[in-house]
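Enquirer: Chain by chain, the residues run as shown.
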Amino acid sequence: MYIIVVGGGRVGYYLTRALLDEGHEVLIVEKEESTCEGINEELGSICFRGDGCETATLAEIGTERADMLIAVTGHDEDNLVACQVGKHKFNVPRTIARIRNPQNETLFKKLGIDVTISSTNVILEHIETELPTHPLTHLLAIEEGGQEIVEIKIPPEATTIGKSQRELSLPRGSKLALVIREGGKNSVPTLSTTLRAGDRVIAVTTHDSEEELRSTLRGV
Amino acid sequence: MKVVIMGCSRVGAWLARLLDAEGHQVTVLDNDSWSFRRLSFPGLLADFKGTALVGNGTDQEALKRAGIEEADVFFALTQGDNRNVMATQIAKHIFNVPRVICRIYDPLRQELYCTLGVEAISPTAVFAQMLQKKLES
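Sequence lines, in order, name chains H and B.
Residue numbering for the first sequence follows my numbering, beginning at 1 and increasing consecutively.
Residue numbering for the second sequence follows my numbering, beginning at 221 and increasing consecutively.
If you are wondering where the hints come from, they were derived from the structure by calculation, not from laboratory data.
Across the chosen pairs, the derived CB separations fall in these ranges:
1) H:2 with B:318: 40 to 48 Å
2) H:140 with B:316: 27 to 35 Å
3) H:43 with B:347: 38 to 46 Å
4) H:17 with B:325: 33 to 41 Å
5) H:45 with B:331: 27 to 35 Å
6) H:129 with B:316: 36 to 44 Å
7) H:131 with B:263: 56 to 64 Å
8) B:331 with H:119: 26 to 34 Å
Cβ coordinates follow ideal geometry from the N, Cα and C atoms, glycine included.
Please put together the full structure from these sequences, using the hints given.
Expert: Set out below in structure tokens:
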């Protein structure tokens, strides 16, 4: 595939390395001369100096034959415009934008950007996972359909400890997939599986019923 | 009319004072309060009596504080084309402002966004054309 990466910062650089390793044809577009030179010295001549939001630049690098355009500069507005120009001027089939302000996700989707990655949200989710007190962590969101996979921690004060899955009535559309227990005694829960303090429950649920599932499993 | 102007640039400030003098309810948004000095430069125009707010116009919360939800018109007049384009599209697609007008210096980008339904003006193209006309006359 021919992939254009807009922005040669750290994200752009490591992304490009990974894509090159996979055998893709990759071109980075970067405004800053010194950044461009640094990349070209390290990875060979794959960095084009220019503004990836400019039609002229994108025309020069053959964007009309690109299979994908990935905009990963540090500025949401630049990523948005690069994707829109790629999409509407050059008919790039797939555009991906990095977003720093999570609020912009809705806007980008509305404007037809195919995939948005909110770096802020990704970092938050990873930190959430490491917080012992955080009751519910999002592991995966299935965009079409609204399902998600979450991890729920059972704290020592949970009133559901010792209760079996049969005694808890889970919200509709929710299913427990795995109970992770200290010492590696993990199990795929059955109706008779009982909850213990310190358990981490992996469950499939929906965005709308995640709160109900959390309170059902923790009783608090 | 309720008007929100993003960017208290020379043009932004001038427009704010013109519209304010005409009796419109104007709010100016800029991320640097230093820019607001332009609202009271003595000279050709009356002082601005509307609202000046510090905030980033590409941030939805800041736009809400500026009253974007009740605005009849939104102008994006910062120095950054992409910032203007993004703020304009937030105003249009998230807050459904009836009229949004945007400055895009780059004529190519201006043309693209016009085809995407954004009312965009390129001062570069307009001014060049004016100069060309000067020669002709």
